[in-house]
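Trainee: Assemble chain B with the ligands onto chain A, guided by the hints.
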Amino acid sequence: MREVMAEAENPVMLYSIGKDSSVMLHLAMKAFYPSKPPFPLLHVDTTWKFREMIEFRDRRAAELGVDLIVHINQEGVSEGVGPFSHGSAVHTDIMKTQSLKQALDKYKFDAAFGGARRDEEKSRAKERIFSFRNPQHRWDPKNQRPELWHLYNGRVRAGESMRVFPLSNWTDLDIWQYIYQENIPIVPLYYAQSRPVVERDGMLIMVDDDRIPLEAGEVPEEKVVRFRTLGCYPLTGAIESRADNLATIIEEMLVARTSEREGRAIDKDGSASMEKKKQEGYF
Amino acid sequence: MNSTGSPADIEGYLEDQASKTTLRFLTCGSVDDGKSTLIGRLLYDSKLIFEDQLAALEADSRRQGTQGGEIDLALLVDGLAAEREQGITIDVAYRFFATDKRKFVVADTPGHEQYTRNMATGASNAEAAIILIDARKGVLTQTRRHSYIVSLFGIKEVVLAINKMDLVDYDEKVFARIVDEYRHFAAGLGLTITNIPMSALNGANVMGGSDLMPWYDGPSLLEWLETVDVSGGLDEDPFRMPVQWVNRPNLDFRGFSGTIASGRVEPGLEVQLLPSGARSRVARVVTFDGDLPTAGPGEAVTIVLEDEVDASRGEVICAADDPIDTSDQLAVHILWMDEHELYPGRQYYLKTATKTVPCVVTELKHKINVNTMEHQPARRLELNEVGVGNLSLSDRVAFTRYGNNRELGSFILMDRQSFATVGVGLFDFSLRRAENVVWQALTVDKFSRSEIKHQKPCVIWLTGLSGSGKSTIANVLENRLHDLHRHTYVLDGDNVRHGLNRDLGFTEADRVENIRRVGETAKLMVDAGLITIVSFISPYVTERRMVRDLLEDGEFIEVFVDTPLEICEQRDPKGLYRKARAGEIKNFTGIGSEYQAPENPEYVLSTVDQTAEESAEQLLKFLADRDIVQR
Ligand SMILES: Nc1nc2c(ncn2[C@@H]2O[C@H](COP(=O)(O)OP(=O)(O)OP(=O)(O)O)[C@@H](O)[C@H]2O)c(=O)[nH]1
Ligand SMILES: [Mg+2]
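One line per chain: the protein sequences are A and B, in this order.
Numbering follows this note's numbering, with no gaps: position 174 of the first sequence is 233.
Numbering follows this note's numbering, with no gaps: position 110 of the second sequence is 223.
Quick caveat, the hints were computed from the structure, so don't treat them as lab data.
We put the beta carbon where it would ideally sit given N, CA and C, even for glycine.
Wrong hints could be hidden among the right ones.
Across the chosen pairs, the derived CB separations fall in these ranges [said to hold, decoys possible]:
#1 A/E281 x B/D365: 53 to 61 Å
#2 A/F143 x B/G181: 42 to 50 Å
#3 A/V129 x B/R459: 42 to 50 Å
#4 B/E707 x A/R216: 17 to 25 Å
#5 B/A211 x A/E258: 30 to 38 Å
#6 A/L127 x B/R459: 43 to 51 Å
#7 A/V129 x B/S531: 30 to 38 Å
#8 A/E258 x B/D129: 36 to 44 Å
#9 A/S137 x B/E633: 55 to 63 Å
#10 B/D129 x A/K95: 29 to 37 Å
#11 B/D158 x A/K89: 31 to 39 Å
#12 B/R630 x A/K95: 39 to 47 Å
#13 B/W328 x A/K89: 47 to 55 Å
Straight-line Cα separation of at most 20 Å, SDA-like style, residue types lysine to any residue; simulated pairs [said to hold, decoys possible]:
#14 A/K89 x B/A413
#15 A/K201 x B/E226
#16 A/K95 x B/N363
#17 A/K201 x B/Q199
#18 B/K133 x A/D233
#19 A/K167 x A/H130
#20 A/K160 x A/Q338
#21 A/K201 x B/E198
#22 A/K89 x B/V399
For reference, chain A alone in the conformation it holds in the complex (with noise of 0.2 Å):
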């Protein structure tokens, strides 16, 4: 990050709000310490997030005392794009990874961190730490930048960008064993709790609002659910537990048999999806 700092113009962090965002942001404040981390966070908006995603985010920045900029692509809230009228792969596209890039576009940020590990998919498990991105935004996996030692090369001309990702080689396990010991706040969603759900394609979708379509004399069940991740809420599943502390987190994710990216919609579709919507700008 202190690499980043010294060698980018405009950097900024992107934040997600989901548990690695948290870990994130809180390693920038011991990274900078006692200074505040020299740069603003940017949520791309989706208006589609949990409810209480968007009041964590709102209370922590302010607890933190650190900027955030939050972005929310209009053209596609005026078009009525989202995840019900349109499908995942549409809305995700136009409210996630083009906001993305135009919220990029428009401060001008030479350089973005974000969340992402190597653990979690394996495209990813081939993307350097500092990843170069040309003025379309667009990631090359085959021409990328060798990264040797602690040398990262964080020199682009005008118009290029780097994504960094501190939490590179970061597994899940030690996401949560850093959360454990360093009290790191996160959504209470992690959490076990009764919800109102619905099932959709096999996912326990939870009604955060009244934008969700209910079949005629369909009546949301409450179950006791958490969310292994967390994205925009008709597009993340719920799984039933009993977990509601970081303890029985834990040991319930040492015990788990699929990984937690199973319940996203968006990595379905075809199993180089992930690598396609990396090159075309998503993080």
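Mentor: Frame of chain A, contents of chain B with the ligands only:
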């Protein structure tokens, strides 16, 4: 683990986890020797594959696998579409697994020669290496190349994995022959080698022993990985911490943030900062979780010194009784990573630890033939070649021999236009003697010289075509500054060419040297505390950048005197354009020779509709806004 999730159990578990050591290793060797399959096997057998990932793997194996529909473990690691289509590894993948004894970070690297640079990326942070060999093929060129890079990068602990034993009937003689051949080759590489016969495909000798090879009584791969000792002893080395960032939240706090490269630090330690030479004593070792009584290698801390020392990023804070060497002339090993060859004489940026400086490869001594380890004469280095040569840096850097410390002994080379990483290298030794003489910080420095003049020294660099108005504007500006009691000097193209640079003509090489000398002169004037106005055509982007790099951040103010060629030609105050058009002057900028306009100048003056006085006035206002002069 079968706990009930009570905090005590979890705490115990987490403590176990935290106390485990981490081993970083890589797999390497020739194409198709089974590296990715082996890692897939390790992940699979250590139960790190989730059900949904397994289902995806089965489907992928049917579609893209090399195992006739059976599970192809390499697909767990080969994550890029192009890799899966071609059945080869292209770029390094980092994967993670753990056993009861250790955590592991493994870099799976490509065997193809074309992607050797990605193998080197994987090797740079590894503490141990698994070099695979296909039992049917024996030692190949890539086996040798990778072994050489492993040894060059200071990895000592190596497993020679003779793989695919299933395809040679688990024959001990085949194993013995390859072991022998490799031992012969690797004799001079300084590696500690453990030979293991295995089958990544069926797992023999990977996690545990195997009935298939009763003649082998050594460790399985995992047993070796769990026990190999790679502790480096960095703790006992003298203290060194490169300054990454100067931490200044307010006027009362000034600390130097960095990650400790070697040794230990505690309050009271006498330190020296190099290359500047300043000395002080550690007052505090600050972290978010409170001040530390002591800190060691790998810890990220912020050091507060007892004295107000003016240090910046790139300095290395060292134990004063055992300071680090500094030099600007170094003998090095280089591994070239770019399609465009390295030629001696070209300029690059060099980054080592936290310092970046322009450099030039002054001499290439030889390159290394990876098959024979022979030194061969070389005039250039091609992609993936290793050579030995000398570097000249534009500034002194703190360094150690790579063998002593990886963080302080390694560097990367960047292209000056695209900033791409084109090569990497290791420092061997300084070409200047007496590096250890203690370098005293000068007491009267740039800051004190400019302080008594009440100004910030800088270079105002006017670039533009001949006849664009540079000299006129420079003179008016100097007059105005003089009226304001500023201390100034003007370096003008014509004046300097009559004296200092009278031996230079107008060829490309001479133009470059012309600017270099003017740049160095301007730098001396800035050091003397002067506001220096330079009016030079200076047509090339790279040369102007060279001058910018000579100076500190904010000192170089590039002003583009933007007068179109037609207007300059109409004005033609010295009749030069007329002569150039008539062919009497060769290489005249704008006619026979190119002018490269600045991409990001600090200021652009359009002179078409305004007088030189108005232009100078604009500049003055700009300088005032930048706090260089007060009005
Ligand atoms: N019979 C047999 N086949 C193996 C063994 N290990 C690997 N293979 C096969 O050898 C082929 C190449 O394996 P990979 O793991 O892709 O080889 P690699 O060394 O990673 O290749 P690159 O990364 O492209 O250099 C695949 O078809 C594997 O299934 C083994 O122990 N026995
Ligand atoms: Mg491979």
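Trainee: All hints, please: hold or fail.
Mentor: Hint by hint, here is what the structure shows:
Range check, A/E281 to B/D365: about 55 Å between beta-carbon atoms, so the 53 to 61 Å window is met. Evaluation of the 42 to 50 Å hint for A/F143 and B/G181 yields a pass: the beta carbon distance comes to about 43 Å. Checked against the given bound of 42 to 50 Å, the beta carbons of A/V129 and B/R459, roughly 47 Å apart, stay inside it. The given range of 17 to 25 Å is respected by B/E707 and A/R216, whose C-beta atoms sit roughly 20 Å from each other.
Remark: the range hint 30 to 38 Å for B/A211 to A/E258 is upheld by a beta-carbon distance near 35 Å. At about 45 Å, the beta-carbon gap between A/L127 and B/R459 stays in the expected band of 43 to 51 Å. Distance hint check for A/V129 and B/S531: the Cβ-Cβ separation is about 34 Å, which falls inside the suggested range of 30 to 38 Å. At about 39 Å, the CB distance of A/E258 to B/D129 agrees with the hint of 36 to 44 Å.
A C-beta distance of roughly 58 Å is found between A/S137 and B/E633, which places it inside the suggested range of 55 to 63 Å. Between B/D129 and A/K95 the beta carbons are some 35 Å apart, a value that agrees with the proposed interval 29 to 37 Å. Judged by the Cβ atoms, the range 31 to 39 Å given for B/D158 and A/K89 holds: they are separated by roughly 37 Å. Taking the beta carbon of each, B/R630 and A/K95 are about 45 Å apart, inside 39 to 47 Å as hinted.
Against the hinted window of 47 to 55 Å, the Cβ-Cβ separation of B/W328 and A/K89 comes to about 54 Å, which satisfies the hint. Note on A/K89 and B/A413: the hinted pairing holds, with a Cα-Cα distance of about 9 Å set against a maximum of 20 Å. For the suggested pair A/K201 and B/E226, the alpha carbons sit about 15 Å apart, so the restraint of at most 20 Å is met. Distance restraint check for A/K95 and B/N363: the Cα-Cα separation of roughly 11 Å lies within the 20 Å cut-off, and the hinted pair is therefore satisfied.
Between A/K201 and B/Q199 the alpha-carbon distance is near 13 Å, which keeps this suggested pair within the 20 Å criterion. Our distance criterion of 20 Å between C-alpha atoms is met by B/K133 and A/D233, whose separation comes to about 12 Å. In summary, the hint linking A/K167 to A/H130 is supported, as the alpha carbons are separated by about 14 Å, within the 20 Å threshold. Between A/K160 and A/Q338, the direct Cα distance comes to roughly 13 Å. Compliance with the 20 Å bound is thereby established for this hinted pair.
Distance hint between A/K201 and B/E198 is fulfilled; the C-alpha atoms sit about 14 Å from each other, no more than 20 Å. Between the alpha carbons of A/K89 and B/V399 the distance comes to roughly 10 Å, so the proposed pair stays at or under 20 Å and holds.
Consistency note: the structure conflicts with none of the earlier hints.
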